[in-house]
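Visitor: Full structure from sequences and hints, please.
Residue numbers (this note's numbering), protein chains in the order written: chain U, 43 to 340; chain B, 43 to 340.
In case anyone wonders, no lab produced these hints; they're calculated from the structure. In this text, a Cβ means the ideal position worked out from N, Cα and C, and glycines have one as well. Hints are not guaranteed to be accurate.
What the hints assert, rightly or not - Which bits of chain B does chain U cover? Going by a derived footprint, with three or more residues having C-beta under 8 angstroms, they are:
id	region
1	64 to 74
2	128 to 141
3	151 to 157
4	192 to 205
Number of protein chains: 2
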Amino acid sequence: MIGFQEQFQLDAAACETVLKQLIATSEGPASQLRDAMEHGLLNGGKRMRASLVLGAARLVSGDMTDTVGALRTAAAIECLHAYSLIHDDLPAMDDADTRRGKPSCHRLFDEATAILAGDALQSMAFDILAADSTHSDAAVRVRLIAQLAQSSGLAGMAGGQMLDLQAEERPFDIAQTKQMQMMKTGALISCAVLSGGIVAGADHALLSAQAAYARHLGLAFQIADDLLDYDGDSVLLGKPAGQDEPRGKAGFVVLLGRKAAAAEARRLIHDANRALAPWQEAAKYMQNLAEFAITRET
Amino acid sequence: MIGFQEQFQLDAAACETVLKQLIATSEGPASQLRDAMEHGLLNGGKRMRASLVLGAARLVSGDMTDTVGALRTAAAIECLHAYSLIHDDLPAMDDADTRRGKPSCHRLFDEATAILAGDALQSMAFDILAADSTHSDAAVRVRLIAQLAQSSGLAGMAGGQMLDLQAEERPFDIAQTKQMQMMKTGALISCAVLSGGIVAGADHALLSAQAAYARHLGLAFQIADDLLDYDGDSVLLGKPAGQDEPRGKAGFVVLLGRKAAAAEARRLIHDANRALAPWQEAAKYMQNLAEFAITRET
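Guide: What follows is the structure, given as structure tokens:
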């Protein structure tokens, strides 16, 4: 059996290949917009969301997994994620000059181009999911689409980013911070896991377990992010470390303290993995992914 | 038979009601984001795109039209349109302080909120289309979704807006201007007409005719916009008139001259209406809509 690290890298590479193909075949006279979308999409992300989709699909159907469908689903979620990073980096939002050690989209191009690149990457995500090649059954495709739309809108990612911006003005307590993070990053992580399950035809019991896994994982992932921001090395992070706290954001480290935050992340990953325990060996990859989410160095 | 103006107002009012219901039931802790979305969505638009959806659907199925499905489709397209106006008004884009006589979204709220409101309205459009109540057949819903995604992305609206911004730096000739406008406003107008046809089950012949109608209409609509901007009264427009030309935009009036531009719009509407001529009386509303597109005062 292939090891976790190797599988994780294979998944990321496969997703990268599909994203490159998809953006290369996206043509039109607006070449600068295409270039900006490509820059946002192919900037060296870990592809953790893609791996969650692929791992969740394999948990359902193992070697019989429809790789094309799962990869297209993963690619759609990575497009959505890339759009959110481009918009989050804008001057009116987090005002970040760099992202993963490279200039952010609005710095390399300009603000208008970055706004449009995010907009068009969102459209692209839904276009990918709507196509026949993602799944032969249109009913499955609309389920994927509905879930992505809900995860990314007012009640999900965009709403979470709104709350995060407001937290700069009046600091959040721990419950508000959890709610905000469940929306801002948790919703799309849950969407990735559930989309992998849906595209591979998971039954109700497995989808429920995957939902529980994803909910715990999403929060743990964000706590790990806050820990990395607190402890992290900015070269590894590709963005200046320690930038959240001075802006008054109530990260988990500030709210709980460093040690309690780390313990909470560990506890959440324990719960995430327990949710998948009935699937035994088949769930191993997902459990390793959960472990990776809190032990990663970037 | 009910007159055009009356039907047009009924359509706009019905769309308004559905949009109000949809935004009122969109809840979550990010209330400021919801308010900004509502402001962008319910700011007194003419609902011409909604009327195109409804008219195109009635052209297929007359009194038997599934009003709920057609209205939800219309609402989705109005959400997409509202998002594009919010983002177009941003300081990095057209930097507009007002829209239809009211403060633009980023002026009433702030820039970050306006970016997120546009983002979340885009997600909302796809969420509406993906729901069962839009059409009982999931295959029809994914067709609507694919078309909306393609009309709004790189090869459509977002790409057109990118080209429009670039035209400020190096003026476009007439062919480039047409291409840009076909993408920027034409793509969503075509999407509205075709979506009405698709949701009502139009056959291939009617969809082709509707596509031709929409293509001509979209361009005529934009020429009328340029004429209004050139001649128009800023109180009626709800935005400062004559603002395009000084920024170096090669509008149709500047490129063709006032008289030739008006003649071209008239010719295009003639062609649009001829495409629907075989449908005789049933096409009357769509033909009146086309006439309205170039004779409106705002």
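Visitor: With a cut-off of 8 angstroms between beta carbons, are at least three residues of the region 128 to 141 of chain B near chain U?
Guide: Coverage by chain U holds for the region 128 to 141 of chain B (4 residues, Cβ < 8 angstroms).
Visitor: Can you take a look at whether the region 64 to 74 of chain B is actually covered by chain U? Rule is 3+ residues, C-beta closer than 8 angstroms.
Guide: holds (count 6)
Visitor: Using a Cβ cutoff of 8 angstroms, are there at least 3 residues of the region 192 to 205 of chain B near chain U, or does the coverage claim fail?
Guide: This one holds; 12 residues, not fewer than the three required, reach chain U with a Cβ under 8 angstroms.
Visitor: Do three or more residues from the region 151 to 157 of chain B put their C-beta atoms closer than 8 angstroms to C-beta atoms of chain U?
Guide: holds (count 5)
When the structure is compared with the earlier hints, no violation turns up for any of them.
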